[in-house]
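Chain by chain, the residues:
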Amino acid sequence: MIALLVRDIRLAMRAGGGFGLGLSFFLIVVVLVPFGVGPQSALLSKIAPGILWLGALLACLLSLDRIFALDWEDGSLDLLATSPLPMEGIVSVKALAHWLTTGLPLVLVAPVLGVLLNLPEAGFLWLTLSLALGTPALSVIGTFGAALTVGLKRGGLLLSLLVLPLYVPTLIFGAEVARRGAEGFDITTPLLFLAGITCGTIALLPFASAAVLRVNLR
Amino acid sequence: MMLTVTDLSIARGGIPVLEGLNLTLGAGQAMVLRGPNGIGKTTFLRTIAGLQPPLSGQVEVTPESLVYAGHADGIKPTLTVTENLSFWAQAFGNRDISAAISAFALGPLAGRPAGALSAGQKRRLGLARLLVTGREIWVLDEPTVSLDTDAVAMFAAAVRAHLAQGGAALIATHIDLGLSEAQVLDVGPYRAKPLDIEDFDGAFL
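Protein sequence lines, in the order shown, are assigned to chains A and B.
Sequential numbering of the first sequence, starting at 1, is according to our numbering.
Sequential numbering of the second sequence, starting at 1, is according to our numbering.
Be aware that one or more of the hints could be misleading.
[Claimed, not checked] Restraint-style ranges between C-beta atoms, simulated for each label pair:
| id | chain 1 | residue 1 | chain 2 | residue 2 | range |
| --- | --- | --- | --- | --- | --- |
| 1 | B | A110 | A | G36 | 37 to 43 Å |
| 2 | A | A208 | B | G120 | 39 to 45 Å |
| 3 | A | L116 | B | T82 | 41 to 47 Å |
| 4 | A | I172 | B | G57 | 50 to 56 Å |
| 5 | A | A203 | B | V145 | 42 to 48 Å |
| 6 | B | S146 | A | A208 | 35 to 41 Å |
| 7 | B | A99 | A | A208 | 37 to 43 Å |
| 8 | B | A153 | A | V6 | 33 to 39 Å |
| 9 | B | N37 | A | R10 | 36 to 42 Å |
| 10 | A | L100 | B | G178 | 43 to 49 Å |
| 11 | B | G107 | A | L100 | 29 to 35 Å |
| 12 | A | G196 | B | A164 | 53 to 59 Å |
If you're looking for bench data, these hints aren't it; they were derived computationally from the structure.
Even glycine gets a Cβ: it sits at the ideal position worked out from N, Cα and C.
This is chain A alone, in the form it adopts within the complex (with noise of 0.2 Å):
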């Protein structure tokens, strides 16, 4: 397990893995929204928090197709299904991979883009502790859809709509936290629906993931 999860954060890594992908995606977005809103900085603090997740969702998205589309091409799946690597072990694994090489350096960026944003200063605790616990339900998510999809050729476009909708619960009450946080009100009750969303998905999808991936082997 620590094996493949090693090997994954390595090919991440070098020429071509895509680590910067969802990264760069993510500035490029943040950067940008200030120059489409124009220079209204009451505005601008208003949504950030709103575009600081959803951009943070969508440079998620961006990298899902590459979980298992590359390892399905050169034959490293049926290969690691066959091995004694439980595939409910081989789903986790990949989408922890997945969080470590996407969604915690969105976590960690985040609040320096949010100047860019002019989140009020007491959003940034918040926005962070937000993305940080909803970014995981963001890779659970998608790992699910990616077995879905895996095996499909350009599977990116399904691949999107089926993950999309599923996306919103957390986008929802992450965006919330973050909003509620930076207006100086209680965050309770957002931030235990988040909690709770991303607990439930990574207790229960990598269950369907395996059953999803094992049936697409076949």
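Given the coordinates of chain A, assemble chain B onto it according to the supplied hints.
Chain B in isolation, oriented as in the chain A frame:
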């Protein structure tokens, strides 16, 4: 017996391809599968490896004793030869890859990214993976594609050494491997009868 197949029928894409297959494979035995393209050799091997369920019949084998190698080698182009092999060794709970490196003469290539290897060298790396898994039954689909004669001899030697250690091998191939002791199973006569047109409609009604 390490592997017993009883009255097995298999399908590819919903269409039966082979039926009534029987075979047994014991320690130290090798079997070569022959048959024309499209007859269902790959489907048969994937069924034995547990990647797809049979239509009917039984495959009796301990899944933990088997390693499968398909058409694709599962090599990551950006990892070096050593990194590729060590990953598979660790995935199967082993550490030592030196025997596999020397058996397929990969020593001079060890530090090279696998993407820079030629087709035959990649195949040798894919076959070296079998040695690091430490599994007893090798299920191989066309293992000698793109290998030169020297490399085919290396492969035959590796299979022999594996059999001598009490292993077994089931190999689908079109060429002569020089494994005179191997039994040959021609799957041609087991071709499934084409579906009756009325039956075919019946499946949808």
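Comparing the hints with the structure gives:
At roughly 52 Å, the beta carbons of A110 (chain B) and G36 (chain A) sit outside the given window of 37 to 43 Å. Here the CB-CB span from A208 (chain A) to G120 (chain B) is close to 41 Å, well matched to the stated 39 to 45 Å. Checked against the given bound of 41 to 47 Å, the beta carbons of L116 (chain A) and T82 (chain B), roughly 44 Å apart, stay inside it. The hinted window of 50 to 56 Å between I172 (chain A) and G57 (chain B) holds, with their beta carbons roughly 51 Å apart.
Hint check: A203 (chain A) to V145 (chain B), Cβ distance near 43 Å, so the stated range 42 to 48 Å holds. Range check, S146 (chain B) to A208 (chain A): about 38 Å between beta-carbon atoms, so the 35 to 41 Å window is met. Checked against the hint of 37 to 43 Å, the pair A99 (chain B) and A208 (chain A) passes, with Cβ atoms roughly 40 Å apart. In this structure the supplied range 33 to 39 Å holds for A153 (chain B) paired with V6 (chain A), their Cβ-Cβ distance being about 35 Å.
Checked against the given bound of 36 to 42 Å, the beta carbons of N37 (chain B) and R10 (chain A), roughly 37 Å apart, stay inside it. One distance hint, 43 to 49 Å for the beta-carbon pair L100 (chain A) and G178 (chain B), holds here, with the actual separation near 47 Å. Separation of G107 (chain B) from L100 (chain A) is about 34 Å and conforms to the stated range, judged on CB atoms against 29 to 35 Å. For the pair G196 (chain A) and A164 (chain B), the supplied restraint of 53 to 59 Å holds, since their beta-carbon distance comes to about 58 Å.
The structure fails hint 1 only (numbered hints given earlier).
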